[in-house]
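A.B. asks: The residues making up each chain are set out below.
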Amino acid sequence: MQINEHRVGDIVVVRPNVAQLNAPVASGFRSRMAEIVGRGDRHLVLDLSDVEFIDSTALGAIVAVLKMVDPAGRLALCCVSGTVRAMLEVTRMTRIFVLHADVEAACAAVADAVS
Amino acid sequence: MSVERRIEVRIPSRYQDIDLVRRVLSALRHDIPLAHDALLKIEICVVEGVGNAIRHAYGLRGDGVVEVGLTLGPDHLVIEVSDRGRAMSPENRRRLKQGPTPTTPDRLEIRRNREGGMGFPILRAVLDDLEYTSQDGCNTLRMTKMLSPLPASTA
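Respectively, the protein sequence lines represent chains G and C. The working numbering puts the first residue of the first sequence at 1, with every later residue one more than the last. The working numbering puts the first residue of the second sequence at 1001, with every later residue one more than the last.
By construction, these hints were calculated from the structure, which means they are not laboratory data. No incorrect hints appear here.
List of simulated lysine to any residue pairs, SDA-like, C-alpha gap at most 25 Å:
no.	chain 1	residue 1	chain 2	residue 2
1	C	K1097	G	A23
2	G	K67	G	S81
3	G	K67	C	G1117
4	C	K1145	C	H1056
5	C	K1097	G	R92
6	C	K1097	G	G60
7	C	K1145	G	E52
8	C	K1145	G	R85
9	G	K67	C	P1121
10	C	K1097	C	R1084
11	C	K1097	G	E89
12	C	K1145	G	S81
13	C	K1145	G	E89
14	G	K67	C	F1120
Only some residues are given here: those of chain C computed to face chain G with a beta carbon under 7 Å:
no.	residue
15	I1044
16	V1047
17	G1119
18	V1126
Predicted, not measured: the structure shown is a model, and the values here were computed from it. All residues carry an ideal CB built from backbone N, CA and C; glycine is no exception.
Okay, chain G solo, but in the shape it has when bound (with noise of 0.2 Å):
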């Protein structure tokens, strides 16, 4: 799976250029934020913008990432397609997610919430 992030400022932008963010994948894509967060990055945004579908699976691998850069470090969600965003819902994760519309609201609702 390939995975593509950029920075902005403190905050890196991960964006999995998956259609099916799923249990084959999930593995992967935990690894790879683990990575990011192991070299010290822990103010993460999750662009979900290729995403059409996630199982419950890559939903525990998203669980596991919040797990890794809390309780000092943020990770926000945006561009959740209809379904993603029914997966959060029926699983109450959208009272722990706030979910952004886009990058720039993702990253201006991180960089509030660390300054």
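Here the structure of chain G is known, so what remains is to put chain C in place on it, guided by the hints.
C.D. replies: Coordinates of chain C only, in the frame set by chain G:
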């Protein structure tokens, strides 16, 4: 509509083929009297069911077959996911029906768990009935969603 209509889809036990099931479900969206968000949650459940069969019944081997039957009745939608792999354990059969539904997680709970095991709670949260049977080498997860007519403005 007073009779049941049924569509069956058969795919290899490979993750990349689950998308075919999603596309079939999407094509039927105008025939199923559920709001858009509710249909998306049904789609999530179908994918979880098929994914469970691929991962647990077939152990990620791609040489099995997963059958998905969609039955639309006057007041219900039934989705049956069948495989001929390893049957679900008695413990998991109990968990399928008797565990919790997703609760509002807090950060403390997030730190403790929540990374795995969300599949069954999702099914319980969305669906009205879940049955799992294993007979003559065929395992079937039967998921039922009761339907009620949509208001005219959203139908």
